[in-house]
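Residue numbers (our numbering), protein chains in the order written: chain X, 85 to 472; chain H, 1411 to 1657.
Where hints are given, some of them may not hold.
In silico DSS-like links for lysine-lysine, alpha-carbon gap of 30 Å or less [unchecked claim]:
no.: 1; chain 1: X; residue 1: Lys119; chain 2: H; residue 2: Lys1645
no.: 2; chain 1: H; residue 1: Lys1575; chain 2: X; residue 2: Lys119
no.: 3; chain 1: X; residue 1: Lys245; chain 2: H; residue 2: Lys1602
no.: 4; chain 1: X; residue 1: Lys332; chain 2: X; residue 2: Lys419
no.: 5; chain 1: H; residue 1: Lys1602; chain 2: X; residue 2: Lys332
no.: 6; chain 1: H; residue 1: Lys1602; chain 2: X; residue 2: Lys419
no.: 7; chain 1: H; residue 1: Lys1645; chain 2: X; residue 2: Lys419
Negatives, chain H to chain X, calculated, CB over 12 Å [as the list claims (entries may be wrong)]:
no.: 8; residue: Asp1474
no.: 9; residue: Asp1529
no.: 10; residue: Gly1582
no.: 11; residue: Leu1606
no.: 12; residue: Asp1625
no.: 13; residue: Gln1652
Using C-beta positions, here's what the derived DEER-type ranges look like [as the list claims (entries may be wrong)]:
no.: 14; chain 1: H; residue 1: Ala1549; chain 2: X; residue 2: Ala447; range: 34 to 40 Å
no.: 15; chain 1: H; residue 1: Gly1547; chain 2: X; residue 2: Pro111; range: 36 to 42 Å
no.: 16; chain 1: X; residue 1: Thr115; chain 2: H; residue 2: Asp1529; range: 25 to 31 Å
no.: 17; chain 1: H; residue 1: Ala1549; chain 2: X; residue 2: Thr302; range: 18 to 24 Å
no.: 18; chain 1: H; residue 1: Ala1495; chain 2: X; residue 2: Gly120; range: 35 to 41 Å
no.: 19; chain 1: X; residue 1: Gln154; chain 2: H; residue 2: Asn1601; range: 25 to 31 Å
no.: 20; chain 1: X; residue 1: Gln154; chain 2: H; residue 2: Glu1527; range: 43 to 49 Å
Rather than coming from a laboratory, the hints here were simulated on the basis of the structure. Ideal placement from N, C-alpha and C gives every residue a C-beta, glycine not left out.
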Amino acid sequence: MLGDEITTDLRAIRTAARTAAQSSGTPQTRTLTSKGINYGSITANPNGTFVTTGVVGVNADLRVRPFFAQGGTISIREFLVGAFNAEMGLQSDDIDLRNAAINRQRVTTPSGMILDGTADAIEAPPVTGNNGVDPDGDGVANEMPVSLIDFEEFYLLNYFKPAVSVSPDRAADVNAGRTVFTNVGCASCHIATLTINADRRVADVETVFSDFNPGSPTTSGNPLNRLFATATPRIVTIDDPSAEPVIKQAARQSFVVNNFFADLKRHDLGNNFVERNFDGTFQRQFITEPLWGVATTAPYGHDGRSQTLEEVILRHGGEAQAARDGFNGQSRANKNLVLAFLNSLVLFPPDDTASNTANINPAASNFPQNGHGAIALTPLFNNPADIE
Amino acid sequence: MQAPTRPKGPAWLLLAAVVGAGVAIWALAPTFKRQAGDSDSDGDEAAAAERRPAKAVSASTQADLSRLRQAIEVLSRAHADLGGAERRGAMTDLLSQGDTPTRLTMLLEAAAADPSEPDRDPLWGEMVQGLTTIWQGDAINSGMDLMFTESRPRARDAVVSSFAKLALERTGELSPLQTQKLTEYFIDLHNKVPALQRREIETAARKIAGNDVADLLQGKGMASDDELEVHREYKRSLQESQRVAAQ
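Let the hints inform the model, and build the full structure from the sequences given.
Structure below.
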């Protein structure tokens, strides 16, 4: 969503530059900025062409591609269909991707993602429009119903955010570490907070440290991970005058994405990050890795060649050289503060994490194997009279 | 049929983020039950934006609204005497508005329209105090997000100042989670706001996050000869470990 909105902003700037160039009869240069992130500049000529040599961090088409380390794919849907084929051998003839990629149409997926084949190069599905065709020759055609792609896209769009686990005894270190992290320049690319203008999700799950307290099970984290999640619907119900149930849709409110730590932009991180491609060329630019969940995603780097957080920080170079040197120049105590902060950004198992939709139940037999709580989203949207 | 549901928390707060700010057209959608047939198309979003301010202030009478609009108009003009009776009267009108959503919306609109420098404006403190009184209960959580969603710089600065004031004067009202979130927001915003708000954030951070965070925000503790409390604790632990090892 952030990538889409940034793309829309950048392209609006490009359009405004072209309009100004055509009306003034002289080339017009505009700075490309969205959500406080600078993507260089673009110059529009009066004849409608553009000079894009000043564009940085995205392709000349100004489309942010958040997926893959090199920033190569636009949407969850393309990522999914590609992964099902490449990783599992399941080939989908996804009608939305087909219409956008092959028929060059503007398509809105059931999750609200706009795949605009008139403006973007969308990745085509591995099977295109011939039911019964079996390109991988495994004897199975129509391997992936479109409904499964729809559900998977919806699931990943609404997936739980990583947690911030700050216990009271570590708060001082974690917050000081966050400040050192900012002061040395890490936050210039690993931006903590960005705002979505129109959130397409139907729920938000915020997860934080909450010590195990059997005396207050409705707000207590369980002993397994001492985390507690609050799941909040972000839907609007639309009254249907017929006898049918009301329609529930994403409310599309603005949303502050806190503790994200990325800028959705590609950077050259120096020789220590360069990757040799299969064709012998070298990949020098990589999209900033969001740091949420980073404490539990070792090993590090796009290639997993750094074993610890400190190793991957020290591996930074290129555009990140100054920030890397800033960190390296700190005292051991300050480095430890930064690491304490990064170690507060954790992933968690939703089915083992207590929440406001499924509290812990310390009275359950064999607790905590039973009754440890979970993040269950179904209760948010169902009522006994309206089973969905 | 089922009764319309609303998201948790005061959705009216989101109005303040969108009126005049030009963002998040759908931000208020949950506050109104839409009818079947309403479209999600871009064109209808614009129409919805047009409708929104009128809906938001529906709790106020037209006379009230007219008076508040006049107050904003007064504050939006350049004045030789920033503490003069006309401006003071206008601010009093805004602050005395009883309907909280309307008061918030109008205060932010006035803050955005006012051309005076906050540190030269004798009414700035009243404006900030007026905002601070709005942050109660769940409104604290949603209001904090305004520090990021409010795109009009002077209005955003007023919100930041109001939360710095809240942190200083009503620390005990903040839950541990609210304290943590506010600390994170202060750290993340510190180098993005004007000097006045930076100083306020530093003072507030000292109160809710301790001396180290405040000192670091002021640029201290980054050099080897510049000691934070955590450095002293680190040295003490090291010496203690060495003492135990030597025994």
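(message) Please list, smallest to largest, the hint numbers that this structure does not respect.
(response) 1, 4, 5, 12 and 15
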